[in-house]
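Quick note: the sequence shown uses my numbering, first residue 84, plus one each step.
Treat the hints with care, since some could be wrong.
Subject to a maximum C-alpha distance of 27 Å in a straight line, what follows is the list of computed DSS-like cross-link-like pairs (lysine-lysine) [said to hold, decoys possible]:
| no. | residue 1 | residue 2 |
| --- | --- | --- |
| 1 | Lys263 | Lys286 |
| 2 | Lys306 | Lys225 |
| 3 | Lys230 | Lys286 |
| 4 | Lys222 | Lys247 |
| 5 | Lys286 | Lys222 |
| 6 | Lys306 | Lys247 |
| 7 | Lys286 | Lys306 |
| 8 | Lys247 | Lys263 |
| 9 | Lys247 | Lys225 |
| 10 | Lys286 | Lys225 |
| 11 | Lys306 | Lys230 |
Label pairs and their computed distance ranges (CB to CB) [claimed, not checked]:
| no. | residue 1 | residue 2 | range |
| --- | --- | --- | --- |
| 12 | Ala274 | Pro166 | 18 to 26 Å |
| 13 | Gln167 | Lys222 | 35 to 43 Å |
| 14 | Pro262 | Thr121 | 48 to 56 Å |
| 15 | Ala124 | Gly186 | 52 to 60 Å |
| 16 | Gly271 | Val242 | 22 to 30 Å |
| 17 | Lys222 | Pro161 | 17 to 25 Å |
| 18 | Asp250 | Ala127 | 17 to 25 Å |
| 19 | Gly253 | Gln189 | 19 to 27 Å |
| 20 | Thr241 | Thr121 | 48 to 56 Å |
| 21 | Asp165 | Gln298 | 31 to 39 Å |
| 22 | Ser244 | Leu273 | 50 to 58 Å |
| 23 | Thr299 | Lys247 | 19 to 27 Å |
| 24 | Thr292 | Pro175 | 15 to 23 Å |
Since the hints were made in silico from the structure, they are not lab data. Positions of the beta carbon are idealized from the N, C-alpha and C atoms, including for glycine.
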Amino acid sequence: MRRFGEPDPMAQAQVPAEASAKPRRRLPVGPLGLLAITAVALCAAFGVAWLILEASGAREQSNAVDLQEVLNGVGVAPLVADPQVRATVGSPAPDVRLDFLGGGTQQLAEIAGRGTPVVLNFWSSTCAPCLNELPAIEKVSKQLGDKVTVIGIDSQDTVESGQKMVDQTGIAFRNARDPKGQISTVFGALALPRTVIIDAQGKVADTYTGELNEQTLLDLLNKNGIATS
C-alpha cells in the first residue's frame, strides 16, 4: 500500500525513455572540412595583419612628411614675423616673407622703403573681381615701369591654382604665395581684391578694397603723390 505523499512507482516506470533529454548530435567534419576551416582562419589572420601593416606604414609616411617640412623650414624666416601686427596707414609696412610663384624668396623690407613705391595687390583664383582687375594692374605696371614695383599676393590658393590664374590673366609682375592668408590678415585683406599702396619711404600710404581698373589705380597713385607720368 502506498502512503499519502509518496511517489507512484508505476507512474515513474511509465515515463517513456524518449522524454529524457537527448544529447545533440554533432555533424561529422571530414578532412576537407577541416582544411576549409583552416584556410578561412588563415585568410582572416593575414587580412588583420595586412591592415595593421598598412596603418603603420601610413603613420610612418605621415611622420616622414612632417619631419621633412620641419627640416625644410630650418633657417627660414616665418612668413609673418609678428602675427599680431596690423598694417595701418601712415605707419611702416610690416615686414613679411614673400615666397614667389615660380621660385625665389625675399623679405618685403628688402623691396619697400628703398626709394620706389610698392603696390601690393591681394587676389585669389576663386575671386571673380580679381580675375577682372589683374590685366588692368598689369597694364599699369608696364606703363609705369620702374617707377612703381607691383607685387601680387595670391591668398589661400594651391600652387597649381595660383599659377593657372597667372597664366590665364597674362600678368608678368611677381606674385607671392599666401596659402594660409597670414599676409592678407596683416594687411587687412579680409575681402578680395584689396590693394595696398606703400610709399617710397616704406610707409603704408593708402588702401583700396574692391575691383580696380587702370584709371582707378592711376588715380590712387596720384592721390598719394606717386607720379604716373
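Going down the list of hints, with the structure as the test:
1. Lys263 - Lys286: holds, 25 Å
2. Lys306 - Lys225: This hinted pair holds, its Cα atoms lying about 20 Å apart.
3. Lys230 - Lys286: holds, 16 Å
4. Lys222 - Lys247: holds, 19 Å
5. Lys286 - Lys222: The hint holds at about 24 Å.
6. Lys306 - Lys247: violated, 33 Å
7. Lys286 - Lys306: Distance ~15 Å between Lys286 and Lys306 Cα, so the pair holds.
8. Lys247 - Lys263: Roughly 18 Å between the alpha carbons, so the hint for Lys247 and Lys263 holds.
9. Lys247 - Lys225: Answer holds: Lys247 to Lys225 is near 21 Å, not above 27 Å.
10. Lys286 - Lys225: Between Lys286 and Lys225 the Cα gap is close to 23 Å, so the pair holds against 27 Å.
11. Lys306 - Lys230: Holds - the C-alpha atoms of Lys230 and Lys306 are around 15 Å apart, at most 27 Å.
12. Ala274 - Pro166: 18 to 26 Å: This hint holds: roughly 20 Å between Cβ atoms.
13. Gln167 - Lys222: 35 to 43 Å: holds, 37 Å
14. Pro262 - Thr121: 48 to 56 Å: Cβ of Pro262 to Cβ of Thr121: about 54 Å, so the range 48 to 56 Å holds.
15. Ala124 - Gly186: 52 to 60 Å: holds, 56 Å
16. Gly271 - Val242: 22 to 30 Å: holds, 25 Å
17. Lys222 - Pro161: 17 to 25 Å: Once the Cβ atoms are compared, 34 Å apart, the range 17 to 25 Å for Pro161 and Lys222 is violated.
18. Asp250 - Ala127: 17 to 25 Å: At 53 Å between Cβs, range violated.
19. Gly253 - Gln189: 19 to 27 Å: Hint holds: Cβ distance 23 Å, inside 19 to 27 Å.
20. Thr241 - Thr121: 48 to 56 Å: For Thr241 and Thr121 the Cβ distance comes to about 51 Å; the hint holds.
21. Asp165 - Gln298: 31 to 39 Å: holds, 36 Å
22. Ser244 - Leu273: 50 to 58 Å: violated, 20 Å
23. Thr299 - Lys247: 19 to 27 Å: holds, 26 Å
24. Thr292 - Pro175: 15 to 23 Å: holds, 21 Å
When the structure is compared with the earlier hints, violations turn up for hints 6, 17, 18, 22 and for no others.
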